[in-house]
Each structure stands twice: as C-alpha cells, then as structure tokens.
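Residue numbers (my numbering), protein chains in the order written: chain V, 32 to 521; chain H, 40 to 500.
These are computed hints drawn from the structure, not numbers from a lab.
Just so you know, not all the hints are guaranteed correct.
Claimed, not checked - Below, computed lysine-lysine pairings styled on DSSO-like, alpha-carbon distance capped at 30 Å:
#1 V:K185 x H:K86
#2 H:K86 x V:K189
#3 V:K95 x H:K394
#4 V:K323 x V:K189
#5 V:K506 x V:K132
As the list claims (entries may be wrong) - Partial list, derived from the structure: chain H residues whose beta carbon lies under 8 Å from chain V:
#6 L431
#7 H434
#8 M437
Just so you know, even glycine gets a beta-carbon here, dropped at the ideal spot from N, CA and C.
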Amino acid sequence: MTVSLLIFLPVIAAVLVLFFKNSSAKHAALFFSLAELVLAGVFLSKFIPNATTQFMIVAPWIPKFGIYFSAGIDGISMIMVLLSTLLVPLIILTTYRHQYKNANAFYALILFMQAGMLVVFTALDGFLFYVGWEAALIPIYFICSLWGGQNRIKVTIKFFLYTFSGSLIMLVAIIYLYLQSPERTYDLAHFYNLHLTISQQCWVFWAFFLAFAIKMPLFPFHTWQPDTYTEAPSAGTMMLSGIMLKMGVYGVIRWLIPLVPQAYDRNQLWSVAMILSITGIIYASIIAFKQKDGKRLVAYSSIAHVGLIAAGIFAWSYFGLQGAMIQMLSHGINVVGMFFIWEIISSRLNTRQISELGGIAKVAPKFAIAFLIITLGTVALPLTNGFIGEFLLLAGIFSINLWMAVFAGLTMIFGAVYMLRMYKSVMQGETNALTAVFADISGSEKLVLGIICALIILIGIYPQPILHISDAAVKQLVEQTTMKFNEAKP
Amino acid sequence: MIVLIIISTLPILLLYLGLYKAQNSLLPVTLIGLLVALGFAVAAYTKADIATPIYSGMMLFNNFSVVFSVVTIISTILIVLLSRGYFEKISSHVAEYYAIILFALAGIIIMVSFYNLVMLFIGIEIMSVSLYILAGIKKTDFASNEAALKYFLMGAFSTGFLLFGIALVYGSSGSFSLEAIRNWVISQPHHVDPMFYAGILLIIVGLCFKVGAAPFHFWTPDVYDGSPTLITAFMSTVAKTAAFAAFLRLFSECFQPVSDFWVPVLLVITIITLFIGNLTALYQQSFKRMLAFSSISHAGYLLFAIVALGASSANSVFVYATAYSIASIISFGGLILVSQQSGNDNFDSFNGLGKKNPFLALVITVAMLSLAGIPLTAGFIGKFFMFSGALLQFHLVMVILAVVNAIISIFYYFRVIIAMYFRDTERDELVVPVYYKLVLGLGAIATILIGVDPGLITNLI
C-alpha cells in the first residue's frame, strides 16, 4: 500500500464527478471525499509513529532528468494528510444547502485541488512538489473566479499572479538545487545533504521563502488574502484558509529550513523571518479590530494566527514545531467553522455587516452554542483545541527570545478581544427586524457544526494522540537540522 | 530522404488535380501524402543515431532531423485539417494553396536536415518565398496585401544579411560544409579570422529575423495580423519551429567553439525579445495580435536553448516547439471559429464562450495554460527545460528575467480565459465542425498528456 492510492483517488474522483448531473454531483463528491477519509484512516491505522517515512512510492517519471514520482508519509505529513482528508468532506457538506451552477465542475475542481495538496504534503521530489503546488492553485483560481462575488475577476487574478510569481521563483531555486547535486536528482534527501556555500544558501532561502510567505500569507505579502477570502465562494475560502495556506507552512518545515541550515542560523535569517511573522500578528490583529464585515474579520484573524504558527516554526525548536503541527490542524478546523458560521449568517440575512446584526442567540440557541465553541477555540481558551497549539508555539518562541514571545503572545489577547466582541455584537443584545426571523441550524448545518465543535473539544481535552503522530518525526528533523547549524563552514 | 521527395512531388500532383478540377480530392490526397511522408520519417528514426551525411555531404537526416520533421509534418497535418472549407471562401484556386503550403514544408524539411550552408540558404528561401505568397492569398484584402509586401521586402532584406554572412564564413573557412567549418574553427583556437566573426553576426541577424526575435521582429505583428489566420498559424508554428531547428543545428555544429563571442550578443537579443514581446502583448485588444506578440516572446524562450548551448539543447527546443505549436494551433483554430461568428479578432469576441461552447472554451483554456507555462501542460515542461538548460550554464539573471516575463504573460493569456468564462454577453452557440473538434480535441489531449508524462517525447533526441 503506497501513498499513490491516496493521491490518485481524488484525481479519479474528480474525473468521475464530472459525469454526474448537477443535482447529484454533491452526493458523489461527498461520497468520494469520505472514501478518501476512510482511506486516510486506514493509512493512519497502519502508520507506525516513528521517524521513518512510510508508504513510500518511487516510480520513474522523467528519469533522464532525475525526476521521480517519489512520495511518502512521515509523522509531519500524516498530520497534513489528516487535515486535508478531514476538511474536504466537511467543506463539501457545508455546501449542501447551496445549489451551485455547474455543480459537477465545482466539486470536480475541489477534489482535484485536494489531490494537488496531497501531492504537496507527501512529495519527496522537488519537481513533484512544484507540480503539486501549482496543481492546487489552478482549481482554486477557477473556483474563486467562477463562483465568487462581485469583484472576483480583479481579485482572483491578483491572487493568481501573487502566488504564481512566488512559485516560479521557487521553481528556479529547485532547479538550482538540482544542478548543485552531484547525482543530478530532485530527491529531497539529496537536497538535504548538499554542501552549499552560505551565500548560495541565502538566496535559495529567499527564493523559497517568497513562495511560502505569499502562500501563508506573511506580512507584507498578505495583500491578496483578505480580498480573495471575501470574494471567493465560502467553500473556496474554506479550502484556501483551512488547507491551502498550510502548504506554505508545511513548505517551511520540510523544504525551507532543513535545506539551508547554516545560513539560517548564522546569517540571522531566522530573525528576519520571525520579525516579519510577529509584525504580521500585531498588524493583522489591529486591522481585525476595525473590520465591519464579519468574513473580512475572520480573514484578518487568520493572518494573525498563521503569523503565530510561522513564528513558532521559524524559532525551530521541538516545542514550536509540535505546536505548529497541532495548531495547523486546529486552525484548519476552527477557520472552516468560522467561515461556515458567516456563510450561514450571510445566506440567511444577506449581510455580513456586524453592526446590522445582534441578538441572534435568542432566536437560534443551537447556532449560538456552536458559534460560541468555535469562537472559544479560535481565541485558544484552555480545553479547546487552539490552546495547546498556541501554548507550545509560544513556548518555542520563548526559547529563542523573550521579547518576541511577548509580542507574539499579544495575539492571544488581541484575538480574544476582537473575536469575543464580534460574538457579542452578532449574537447578544436585542434582536432587530433583520435578526428576529433568523432560523436555527438544521440538517447538514447541524451535522457540520456538530462535528467541528466535537473536534474542538476533543482535541482540546486530549491532544496527545495527535502530538504523538508527529512527535518522532519532528524530533528527528529538529535534531538533524540543529546539528548542521554548528557544522564547519563548507 | 524519401520524405523530402514525397513532400516535393506531392504539391505537383495537387496542382494537376487542381487543373482537372478535382477539388474534393485535394484534402484527402494532401493528408494521405503527408501521412505517408510521416511514416517514412518515423521509419528513419534509429535508436543509436548513426545517420551519415547524404547527397555528397549536403544533408544529414539524423534523429534530430527526424523529430523536427515529424513535429512540423504533424503540425501541417493539423493545420490542413482545419483548412477544410477555409480556402474555398477566399478564392477558387484552392489547389495552389495546398501546393504552396507543401512547398514551404519541403523547404522546412531541408532546413531541419541541412549539412551545408548552401542547403540552409535554399531551404530558407523555399520556405520564405512560399510564405510571401501565402501571406497575400486574400488578393482583395488590404491587410493581406500589406502583409505580403511587408514580409517580402523585409524578408528579402534579411536574406541578404544571411547570404552575406554565409559568404564571409565561406571566405574565412573555405567551405560551406558544416563539418569542414567546425574543423577549421577548432584548428585555430587562438585567433579566428575577424571576417568569420562578422559572418556569424550577419547570420545571427538573418536568422533572428526569420524566427521573429527583437529587434528584428517589426514585421511579425503586421504580417501575422494581416495574413489569413490559418496561414498565420502555419507561419508561427511550423515555420518558426523549423527556423529554430536550423538555428540550433548551425550554431551547435559549427559555432560552438567560438561561443564566447556570440553568446553575449544572443543574450541581449533574448532579453530584449522577451520584454518587447510580453510588454507589447499586454496592450493588444486583438486576440490575433496578442498571439503575434506572444509568439515573439516565445521566440525569446526558445533562444534560451541556443544561448545555453549544451547536450540537451536540441531536446529543449524540440519539447518547447512541440508544446508551443500545439497550443498555437488550438488558439488559432479557436480564433477562426470565433471571428467567423463575430467578424473581428478582439478579446471581446470570446465573451461568454464558456457558457455556449464549453468544449471550445475548455480547449482554448488548455492552450492558454500551456502557453503560459502552467504545470501539467506541455508548455510547462518546455519552460522547465529551458530554465534548467540556462541555469546549467549559469545564466541565473537571465532566468530571473524570464520568470518576470512568464508572470507578465499571465495577464494576457488569462484575459482570454476571463473573457470566455467570467464575462457574459448574449451570443449564439457556435457550430464547431467535426474537423475542428478532432484537431482541437487531439491538441488539448496531447498538451495534457505531454504535461503529465513528458517522458513520452523527452527521450527522442
């Protein structure tokens, strides 16, 4: 059993979904994504949580140029695979109320995008990684611009150009690494063992950094993000924020820092990256305060949360990385929940302006409970899933620099302020003419929010199984790389 | 060299068919002839690449020639398939057009298999003279006449440069044969005759004109725009591929030992070509003119292989030219259908196509993605090889500039996609003839197939 099963099932599913009628396409898509989830479950049950890469596939692709279809799952990838296979069925379920035009194409694109992301999360070959990276981008471009809001054309082309520029620079760096390797191979393990000079490492770092920073997005490369999140259809926003931005985070862990350890440590690249991440946290939090549109507020809060994850990774310690792993999963779940909450509100009331809302809790108690739990998860209250991740991340940053940890820690306070304020003005107070007729959640909405709330609490109370999956792999990665920090100059 | 013989006699047969008014048999005969030639070309492929020069050292039909013959013949077949009913609308002398296209192809076969500068010149002239005529086949159309005249005057001028360059190279080396010239260059490593350098420069000018590289590109937009669309497709795919094949063979066989001299020149030309092609394409309102300028920028990418001359250059040019040819034929085919309905070539004519003609919109999207170099299409593999080759020769800055250009090109390629899918207008469904469905569908499938499994074509040379 190899990881290729996991990669190709969604591709085949995407093609098959195209042949379904528009009315039944969503059922088919849900079925296939659940099948993928079950498959991921099987992989998880056979997964041995040590530092090795499992379920490897190595097949010649363009062997003449050292390109192999080589992929595998270790602890770090396993979390990402779980994240993407878990969220896609949830996201498809959130669209159940909505009848999209050309629904079969819509769901086919989502499934195809999932395949691209799974390639990114499991690839062990530079070329394959790049192809997956772009293969995930094309579908989301079409999803956003075909089913998006009013300004979608301008906004999505900006998004596309931004990310495409970043990834092309990364492609140049990947080819460069290939040409540096004596065996002429794109294999990641060989890339890890290249003896690059410090100046070579520096520019390779910036080339990769640009691609990943745009994808996450880090300040100051985030300008595409709020517009795109606002204009995209809600399923697209969830795919982007829940899974796709983790491609950037994952890239930093697997492809950025281990490739250029000496330059990263010696040239203080880490401090630049961390300062950018922490600036982003504070900047996005302040802007989130000021937002009147709920979906935009969540978009900015997502920048802040990802900034914290990034800062934790750039600190490059065991705690920071473990925190990042679990926080990626938690953030994915929470942000999908948050965007779904706003999708429910805006589909019923046709507005996302926070000031026009109020008192919904009175008329929709179930909705209020779900909203509350998701809000608490997002602000990282203890015993919710956000807490353990943010705690570990801050511990990681603290081990590097006290002041950075202090500023990064502000995110918890800021987050609590703007999130709870949003909750208060939307849900509490008196109902007005608009919100008095708000219907409580039912059917598929109840199911999705129920699952999300259950996950938030479950992971919050007992995160150990998830931490255990990535434990050995993270430990080994950190040790290997830190060892190189101190190696003699090549 | 039976391929060349078939392709040269086929047009004569067609002219006789035209004489006896057998209009309906023209297309089938052309196709059958081309398929037979294709078969012979494929049969000439040898695994070990052991071909020796033929015709007293005038030509060398090795694997390089085979693959480029195959790609040009297949492109011609696709274009000829699209021509059903196309020339009839222009004039009643249909046989001539098929014949002239095939004459051009005969010149092209010579260009990809020459082993002597005389043959290079003859091949280029056979192709060019045919193209001058083809550009002007809409005899009553002002733009078509302008295109033909402009092309002829500029083309004749540049041929002069080429010929002068060949003469200077002959004057210093004493031979037209590629092998003899190379041996002569190697035999004097220190001071090669300045006349020889002057000859190389003039040859570069002549060839850059033929491939449409800046600053010798001024004819391209007007000629591509004015010529009938199908002829534009032929010029920008088949003729361009052949010109690059000839360019590459000449420079890798003869001039590689003195590459220090001409690489900086070509480097500058490449970068100018990229920027001029892309920046001007941004401002076009006409899809056809946009394709003309984008073809200039693609010439820039193709020049990468010659600037970064190495063992894999031939392979890179082949893959890139194949990807580019297929995608261009799809785009021009789509343009013919759309402009027949709307009467103009503007981007606006594509508005709302996605809703009314999903198939057509889909194949044009694939073509645009391929031209833009998005992964999982053939165009990406082409760009990937070009970048790899250039990085191998340490042209890092050039690659970065090319990346900037690739990003710029997204703007205008995606404009078509945006028009087709995201802008709605009232329009009627286009009738897509079955030949078009076949060609465009096959093209799109080939584009994706090469993009997913490049190994199909990357191991040929």
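- request: Given the hint that K185 (chain V) pairs with K86 (chain H), test it: the Cα-Cα distance must not exceed 30 Å.
  value: Violated, at roughly 51 Å.
Given hint K394 (chain H) paired with K95 (chain V) - CA-CA distance at most 30 Å: violated, 42 Å
query: Under the criterion of a CB-CB separation shorter than 8 Å, is H434 (chain H) in contact with chain V as hinted?
result: This hint is violated: H434 (chain H) lies away from chain V, its Cβ roughly 11 Å from the closest one there, beyond 8 Å.
query: Measuring from the C-beta of L431 (chain H) to each C-beta in chain V, is the shortest one below 8 Å?
result: holds, 6 Å
Hinted contact M437 (chain H) with chain V - closest CB pair below 8 Å: It is violated, given that the least Cβ distance between M437 (chain H) and chain V is near 11 Å, above 8 Å.
task: Verify the proposed pairing of K86 (chain H) with K189 (chain V), using a straight-line Cα cut of 30 Å.
output: violated, 48 Å
query: Hey, K506 (chain V) versus K132 (chain V), does the alpha-carbon distance stay inside 30 Å?
result: violated, 47 Å
message: Next pair to validate is K323 (chain V) with K189 (chain V); report whether the Cα-Cα distance is within 30 Å.
response: Roughly 23 Å between the alpha carbons, so the hint for K323 (chain V) and K189 (chain V) holds.
Hints 1, 2, 3, 5, 7, 8 from the earlier list are contradicted by this structure; the remaining hints agree with it.
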